[in-house]
Amino acid sequence: MTISLKIVVCIKQVPATTAAKRYTADMRLDRAAAEAVINPLDEYAIEQALRLQESGAVESVGYVSMGPDQAGEALRRALAMGGDDATLVTDPALAGADAWATARVLAAALDKLAPDVALMGMASDDARGSLVPGAVAALRGVPLLSYGSELRIEGAAARVRRLTADGFDIVEAPMPVVASVTDQVGEPRYASLKGIMAAKRKPMETWSLADIGLSADDLHGAALTRVVEARKPEAKPPTERVEGVGADEAVTRIADWLAARKLI
Amino acid sequence: MVRELADERIAPRAAEIDATAEFPWDLKELLAKQDLIGIAFPARFGGTELDNIGQAIVAEEIARADATTSLIVIVQKLGALPIMVAGSEEQQARYFPRLASGEWMAAFGLTEASAGSDVAGIRMRATRDGDDYLLSGSKRFITHGSIANLVTVFAMTEPAAGRKGLSAFIVETDTPGFSAPRVEHKMGIRGSPTAELHFDEVRVPAANRIGEEGEGFAIAMSTLDRSRLSIAAQAVGIAQGATDFAVSYAAQREQFGERVADMEGIQFMLADMASGIEAARQLTYAAAAAVDADAPDLAYWTSSAKLIAGDMAMRVTTDAVQVLGGYGYVTEYPVERMMRDAKITQLYEGTQQVQRLIVARQLLRRAGVSRPSR
Chain W
1 MTISLKIVVC IKQVPATTAA KRYTADMRLD RAAAEAVINP LDEYAIEQAL RLQESGAVES
61 VGYVSMGPDQ AGEALRRALA MGGDDATLVT DPALAGADAW ATARVLAAAL DKLAPDVALM
121 GMASDDARGS LVPGAVAALR GVPLLSYGSE LRIEGAAARV RRLTADGFDI VEAPMPVVAS
181 VTDQVGEPRY ASLKGIMAAK RKPMETWSLA DIGLSADDLH GAALTRVVEA RKPEAKPPTE
241 RVEGVGADEA VTRIADWLAA RKLI
Chain R
1001 MVRELADERI APRAAEIDAT AEFPWDLKEL LAKQDLIGIA FPARFGGTEL DNIGQAIVAE
1061 EIARADATTS LIVIVQKLGA LPIMVAGSEE QQARYFPRLA SGEWMAAFGL TEASAGSDVA
1121 GIRMRATRDG DDYLLSGSKR FITHGSIANL VTVFAMTEPA AGRKGLSAFI VETDTPGFSA
1181 PRVEHKMGIR GSPTAELHFD EVRVPAANRI GEEGEGFAIA MSTLDRSRLS IAAQAVGIAQ
1241 GATDFAVSYA AQREQFGERV ADMEGIQFML ADMASGIEAA RQLTYAAAAA VDADAPDLAY
1301 WTSSAKLIAG DMAMRVTTDA VQVLGGYGYV TEYPVERMMR DAKITQLYEG TQQVQRLIVA
1361 RQLLRRAGVS RPSR
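So the protein lines, in turn, are chains W and R.
Per the working numbering, the very first residue in the first sequence carries number 1; after that it's consecutive.
Per the working numbering, the very first residue in the second sequence carries number 1001; after that it's consecutive.
Chain W on its own, in the form it takes in the complex (with noise of 0.2 Å):
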């Protein structure tokens, strides 16, 4: 039997971490004005489908994303990574989705593209839910192997290795499967120069909700959640300092401190 297994990555565009974020009138996060990058997060999962592709396990690596063109970005530096071809799932109705309406684009999308294997990063770096891995597996009626810290494929099973308190569980699904693996995988690798100009030549396709089959009224206006406030957490109290006193005064200060948070 000849082993051709596909595995696609769903890929997420986000705000670079270090970058200032600015919400819009309706709470919604400025895309535009911040720095954009692939999801950290979902880097580990490009790794770690390169290199199931890289041992034979797999035969194509492909990406998709759900975002507006831009995204188109990320799945360009996907391809750079390494990686065979990439979907951008994009229509105007999709702005402002939530986990939920990306969860049922995404499961659309994984319906038409087929793969053996859904691979996705344990969250996203802006909205950190952990939900949508576990929404596609629902909606696409497959098993959710989740939280891998490293996945193998054991004949006609997916298997991922997940840390636990005291030790490691060792879960196996048969494929098809969504799957989501966390910073331990192993280091992202860096595109390397031939990687970005040969990504320019990989297959990009572009897809509307009536590509995949949804339509705007499927997805109630993209979001059934609403973000109602946005806010920074607030700063800490200055640290109170013990100096300039003798040792005994310290000590009794800071006993009284404690005492009055009832610490001791």
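Treat the hints with caution; some may be incorrect.
Dumping the calculated SDA-like pairs for lysine to any residue here, alpha-carbon to alpha-carbon at most 25 Å [said to hold, decoys possible]:
1. W/Lys262 with W/Thr239
2. W/Lys194 with R/Glu1089
3. W/Lys6 with W/Thr239
4. W/Lys194 with R/Glu1029
5. W/Lys202 with R/Ala1043
6. W/Lys21 with R/Ala1251
7. R/Lys1164 with R/Pro1176
8. R/Lys1028 with W/Lys236
9. W/Lys200 with R/Glu1089
10. W/Lys6 with W/Pro176
11. W/Lys236 with W/Asp126
12. R/Lys1033 with W/Glu47
13. W/Lys194 with R/Ala1289
14. W/Lys6 with W/Ile170
15. W/Lys194 with R/Ser1136
Hints were generated in silico from the structure; no laboratory data involved.
Since the structure of chain W is provided, determine the placement of chain R on it from the hints.
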């Protein structure tokens, strides 16, 4: 990609490379793996064949983090340039794949203890012996000379003929009689070994002569006219690295109750630094375009670019130290290293004074009043 690599993998190594003066073999491997060591080599020999503007950007971005590491890319090209400009297809096919992949390192052997820019003063001899030449003499100040697998060497085949008696050769450094007995102790680019090379009747097949006998001078000049561009780009990168650091430092440092960055005296310095860099960068790109176009006056452009960029880098890095005050003078911060590294860009591949001579000669040639050749 290059900037990411420089920020994440090269910059954190720079202080250690400078302190230990050890060649960063790990970064050489990294640059090879990312296809950056072969940017100047033809694609048909495994290179990435970037145009000269692309090469300048790569050199600048690496030099922004560490000047020593940028030389890995720059010297790989310098050592191979004589073969690029005058080598045969057979020579290129024989050596370029190994150089483009980084399996082999190259060096350029022109300078001698008593012959720097005065190429006609070269004493090294190449004597014909059947199908071979025997090379004898010494070279000095050869960047990467002690770690290179291949050195392009310039030697007199007809000493009485002066510069017209100079010829170029490809020497594999595992040939008996070749040795690199000593490396210099330097002020800057300390991780990059600058070697003295000895040749004791080193046997080189005639198939490794680049061009014809007597073409050595023209090959050397043609090489330097193009390679100088890399030094301009390196200078721009060093200056940019120092300025980036000075800006972030000034934004954090408080004196007299305000940020140093809000003081006009500091702002004027930072503005002069940034605009100086930008001017040198644009001139470097213009020179790169001239080399890409193989313009007849490309030496005018590359010498101007190296002159302006080298002097700018020295001034800007000195000012960066000034912005940091006393902290700029100590090794805890990177700007003093950048200031030491910047100095070499005013010296190698022709001093700034030699660049002025080249620019002036080009000017006189354009005006049709050049001095008759001697």
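For which of the previously enumerated hints does the structure constitute a violation, in increasing order of number? Numbers 3, 7, 8, 9 and 15 - these are the hints that the structure violates, sorted from lowest upward.
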